[in-house]
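> Sequence:
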Amino acid sequence: MVEFNWTAYDAALAELVAGADLNSLANNALVPITDAIEIDNGTKRDYYIAVEVYLASVDLSGKTNPAVNLYMFEALNGTNYEDDWDNPAKLVDVVSVDPGSGAQVHRAVSRPILLPGPGKYKILPENKTGAAFAGTGNTIKFRAWSEESN
Numbered sequence: 114m115v116e117f118n119w120t121a122y123d124a125a126l127a128e129l130v131a132g133a134d135l136n137s138l139a140n141n142a143l144v145p146i147t148d149a150i151e152i153d154n155g156t157k158r159d160y161y162i163a164v165e166v167y168l169a170s171v172d173l174s175g176k177t178n179p180a181v182n183l184y185m186f187e188a189l190n191g192t193n194y195e196d197d198w199d200n201p202a203k204l205v206d207v208v209s210v211d212p213g214s215g216a217q218v219h220r221a222v223s224r225p226i227l228l229p230g231p232g233k234y235k236i237l238p239e240n241k242t243g244a245a246f247a248g249t250g251n252t253i254k255f256r257a258w259s260e261e262s263n
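Throughout the sequence shown, residue numbering follows my numbering, covering 114 to 263 in sequence.
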């Protein structure tokens, strides 16, 4: 019987979107695909990623179900990305954010997100927290891993 284990995480978290593109992101706004950083999975061929959402001091108290939606898009030809950016079928996770009490830092992590195969991908975050993100200090990063057989 073949036994499968997880590979180790990548050494460091990598940005999915530059922090400056998240700063002051309005509620219900989606980061433009041109601002997202590409995941090139053509060589390493990871199976999964986990995404960390870090929101600098923002007041979400009193908000109902604050979250950051994550959408995945592929460049099947290696260069050009799909342009159906608000397609609900592209939603890969809803990262719930604790409303907390008053202005505070918020950190939340996605469930494991499957990378559909070798290729180039972008993950676009959509602010569904009920408030604009803080003016500075926000990050959305990921780590990747796979399975290995023993």
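Derived from the structure by calculation, the hints contain no laboratory data. Take these hints with a grain of salt, some might be off.
The list that follows gives simulated cross-link-like pairs (lysine-lysine, BS3-like), each with its CA atoms no further than 27 Å apart [claimed, not checked]:
id, residue 1, residue 2
1, K176, K203
2, K233, K176
3, K157, K233
4, K157, K203
5, K241, K157
6, K254, K241
7, K233, K203
8, K176, K157
> Hints first: check each against the structure and report whether it holds.
Hints and how they fare:
1. K176 / K203: 25 Å, holds
2. K233 / K176: 35 Å, violated
3. K157 / K233: 11 Å, holds
4. K157 / K203: Given pair K157, K203 holds - Cα atoms ~23 Å apart, limit 27 Å.
5. K241 / K157: Answer violated: K241 to K157 is near 32 Å, above 27 Å.
6. K254 / K241: 18 Å, holds
7. K233 / K203: Roughly 15 Å separates the two Cα atoms, so the pair holds.
8. K176 / K157: With Cα atoms ~40 Å apart, K176 and K157 exceed 27 Å; violated.
Checked against the numbered hints above, the structure violates hints 2, 5 and 8; every other hint is satisfied.
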